[in-house]
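Q: Sequence:
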Amino acid sequence: MGARSFIVRGKGNADAYHSCSHGAGRRLSRNAAKRQFTLDDLRKQTEGVECRKDAGVLDEIPGAYKDIDAVMAAQSELVEVVHTLKQIMCIKG
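Its first residue numbered 343, the sequence shown is counted upward by one per residue in our numbering.
Check the hints yourself; a few may be wrong.
Taking lysine to aspartate or glutamate and the EDC-like style, the derived pairs with C-alpha atoms no more than 20 Å apart in a straight line are [as the list claims (entries may be wrong)]:
id, residue 1, residue 2
1, Lys434, Asp383
2, Lys353, Asp411
3, Lys353, Glu422
4, Lys428, Glu402
5, Lys386, Asp396
6, Lys408, Glu389
Ranges between beta-carbon positions, derived for each pair [stated by the list, open to error]:
id, residue 1, residue 2, range
7, Ile430, Asp357, 31 to 39 Å
8, His360, Glu389, 20 to 28 Å
9, Glu392, Ala356, 38 to 46 Å
Calculated from the structure, these hints are not laboratory results. Built from N, CA and C at the ideal position, the CB exists for glycine as well.
Please model the complete structure; the sequences and the hints are all you need to start from.
A: Right under this line is the structure:
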């Protein structure tokens, strides 16, 4: 909801089955995120992104996910970043 996304080119690493991470992955469970973060945290972490900022999406707060820069650094042998995208809108059901 608030981090970046990447368009990448695979490097064809056979040991990784020619694949890579397809997202940052959660750092906190949904319930743990709801306990740890507030709606004010959600508003701050999604500042500049047009999205819902209510209790129904609090478990999707960016802070509940792993740091995307660390995830991308960990797979530098698997992919080359071609473009970096910044979210401006996020639509959750």
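Q: All hints are to be evaluated individually against the structure, with a verdict given for each.
A: Hint check:
| no. | hint | in the structure |
| --- | --- | --- |
| 1 | Lys434 to Asp383 | holds, 18 Å |
| 2 | Lys353 to Asp411 | holds, 18 Å |
| 3 | Lys353 to Glu422 | holds, 7 Å |
| 4 | Lys428 to Glu402 | holds, 17 Å |
| 5 | Lys386 to Asp396 | holds, 12 Å |
| 6 | Lys408 to Glu389 | holds, 19 Å |
| 7 | Ile430 to Asp357: 31 to 39 Å | holds, 36 Å |
| 8 | His360 to Glu389: 20 to 28 Å | violated, 37 Å |
| 9 | Glu392 to Ala356: 38 to 46 Å | holds, 41 Å |
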